[in-house]
Amino acid sequence: MFKIDGELKEYVESGVACLVATGNAEGRPLVRMGWGPSVREDGTTIDVYLETARASETLANLEDNGRIAMTVAHPVNYRSAQFKGTFKSTGKPTDEERQRVEQHRGDFTVSTSLIGDPPDIIANLWLDDVVRISFEVHQAFDQTPGPEAGKPL
Amino acid sequence: MTAPARRFALTDIPSAFEGIIPAAIATLADDGTPNVTYISVVYPVDDDHVALSRQFFKKTDENTIANPYAQVLLVEPETGRLFTLDLVYERTDTEGPMFERMRTKLDAVSAHEGMTNVFKLKGTDICRVEAVMLLEGFEDWEPQRRDGKLERVEEISRRLSDAEDMDEVLSTSLWACTEALHYPNAFIMLVDESGERLYTVASAGFASSGAGSEVRIGEGLIGVAAERHQSVRVTHMGRELSYSQAAQRERGLGEQVIPLPRLREVQSMMVTPMLAHRSLVGMLCLQSDKPGAFRAADECAVGIVANQIAMALVALPAREAASVEAEERACEEVAVEVRHYAEDDSVFLDNEYLIKGVAGGILWRLLRNYDETGRSDFSNREIRLDQTLELPDIKDNLEARLILLRKRLEERCDYLRIEKTARGRFRLVVDRPLNLVGVEGGGPL
Chain Y
1 MFKIDGELKE
11 YVESGVACLV
21 ATGNAEGRPL
31 VRMGWGPSVR
41 EDGTTIDVYL
51 ETARASETLA
61 NLEDNGRIAM
71 TVAHPVNYRS
81 AQFKGTFKST
91 GKPTDEERQR
101 VEQHRGDFTV
111 STSLIGDPPD
121 IIANLWLDDV
131 VRISFEVHQA
141 FDQTPGPEAG
151 KPL
Chain P
154 MTAPARRFAL
164 TDIPSAFEGI
174 IPAAIATLAD
184 DGTPNVTYIS
194 VVYPVDDDHV
204 ALSRQFFKKT
214 DENTIANPYA
224 QVLLVEPETG
234 RLFTLDLVYE
244 RTDTEGPMFE
254 RMRTKLDAVS
264 AHEGMTNVFK
274 LKGTDICRVE
284 AVMLLEGFED
294 WEPQRRDGKL
304 ERVEEISRRL
314 SDAEDMDEVL
324 STSLWACTEA
334 LHYPNAFIML
344 VDESGERLYT
354 VASAGFASSG
364 AGSEVRIGEG
374 LIGVAAERHQ
384 SVRVTHMGRE
394 LSYSQAAQRE
404 RGLGEQVIPL
414 PRLREVQSMM
424 VTPMLAHRSL
434 VGMLCLQSDK
444 PGAFRAADEC
454 AVGIVANQIA
464 MALVALPARE
474 AASVEAEERA
484 CEEVAVEVRH
494 YAEDDSVFLD
504 NEYLIKGVAG
514 GILWRLLRNY
524 DETGRSDFSN
534 REIRLDQTLE
544 LPDIKDNLEA
554 RLILLRKRLE
564 ERCDYLRIEK
574 TARGRFRLVV
584 DRPLNLVGVE
594 GGGPL
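Here the protein sequences come in this chain order: Y and P. Mapping to the working numbering: the first sequence position 106 is 106, numbers consecutive. If you count the second sequence from 1, you need to add 153 to reach the working numbering.
It should be emphasised that the hints constitute simulated quantities derived from the structure, not laboratory data. Since we're looking at a predicted model, the values are computed, not measured. Watch out, some of these pointers could steer you wrong.
Stated by the list, open to error - Under 8 Å between C-beta atoms, here's a sample of chain Y residues computed to sit facing chain P:
no., residue
1, L19
2, P29
3, A53
4, R67
5, K84
As the list claims (entries may be wrong) - With a Cα cut of at most 25 Å, we get these calculated PhoX-like pairs of lysine-lysine:
no., chain 1, residue 1, chain 2, residue 2
6, Y, K151, Y, K9
7, Y, K88, Y, K9
8, P, K275, Y, K151
9, Y, K88, Y, K3
10, P, K273, Y, K151
11, Y, K92, Y, K9
For every residue, glycine included, the Cβ atom is placed at its ideal position computed from N, Cα and C.
Generate coordinates for the entire structure from the input sequences, incorporating the hints supplied.
Now the structure itself:
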């Protein structure tokens, strides 16, 4: 079990790019963008949201084996971290959670526009309707490019 | 209404491989634990293979050996459409053209920020592509329009072959970049007499021309590309440099006597070696304030043009003519102090640096001749034959230095200039009295 501290939680919930990976029974990996990553009060559970229309294979993989990895990377300074753990639950987001996803998408648009990405193109990356995925974090790794990449946090 | 086709070919999405928006890769460990990270470079190799950069990510490397399957997520930058590539790892190359191309790009980007060995490329992973799929949610799709730049290369080639001297080759080259190919911000660097440096001889579209600015071959983005005879495209300066800064803290870039031409908000850069008979003649450098301004098709067109320029430069005949006597009188004004330091041939006008090296030596010789005899018309031939200048045995070098000298004078003062009068002849125009001060030792540079 890995406990996420306040500083790391703040970073995870900032305008980062977010990726969610799973794998199926045939050993095929799957990657999708995630939105609104947030750390629960317990410091060990992360909620992340995938577009419903793009989430079916991810959810099938999670139902099958429960293994999940999530990487967040800040577009401006490239600080990156990866969290690995096991699937806990899925569900429709509440209004508050939808607001959180909207907030993250806005922050992500700001951080990508700071390095020159057109906001209208960035807005094409997502679909409105999302589904929540919750997972328990077992391990976390520094993923920032460089010789330290891959070291446990 | 039928659902849109979601299966694509690699050739359908060329811009997704430009690295403008980074790609992600997911792999699985042998126990099925996923791993996901961003990846610097994904290049298509052929219709059903891609090459991935193998740099920092040990886990990805371990996983692809244990389980050859990987999935890459790509973004098409002009639409934001998301594609997945289902890959099967085949091998890792540590040499060959694809490896060299990727290595040069990564080294050049880190060298741009004064960093070395940050992106040490361990290898390129060659993967077979099983499927290219468009993610759900992108119903409208229009084919990308074909770029017509290659068609314009023919006219550029013809104009370059008609150029009669270096001045025309350079002006035609800038015309080719700015007018024919629509790259408004371009500069040309030539290899100097030592073969160790490049100097800027012509530019267009910059607030400051940068004429005379220098780069050591092997250093910085341009120098690394020049050393390896490889073109380098940076499609997103903001992202690629922040990436490099994440990997290592920036080091000082060192003092430059004259700054290189540079846009204030440069977002894309492409530097292309100008090669003739496998030798480096110079570098053609393009910048843009827009991300993704230079694509693979641009690299192809500019690569051809750059080599055409190189061939035109080395083919220039040594055109000489006898000098014609004439005189220009300087106006009666306060004398300008022209100080020349013999050690490095640097020249200062009223304590302001003007130029050094061969061009500085040429100017000093002209000014002394003017001062002692009143002559103002000169020929390239007599300069070339002047042993004291120690001109290297490169036939186009003199013309390049004269052009550089002319541009520097145009930029730095309004009382001293060089005008071309005929083929192989030029005039030194002096509008103010000069006080020539020769110093035997080294200057302040």
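Hints breached by this structure: none
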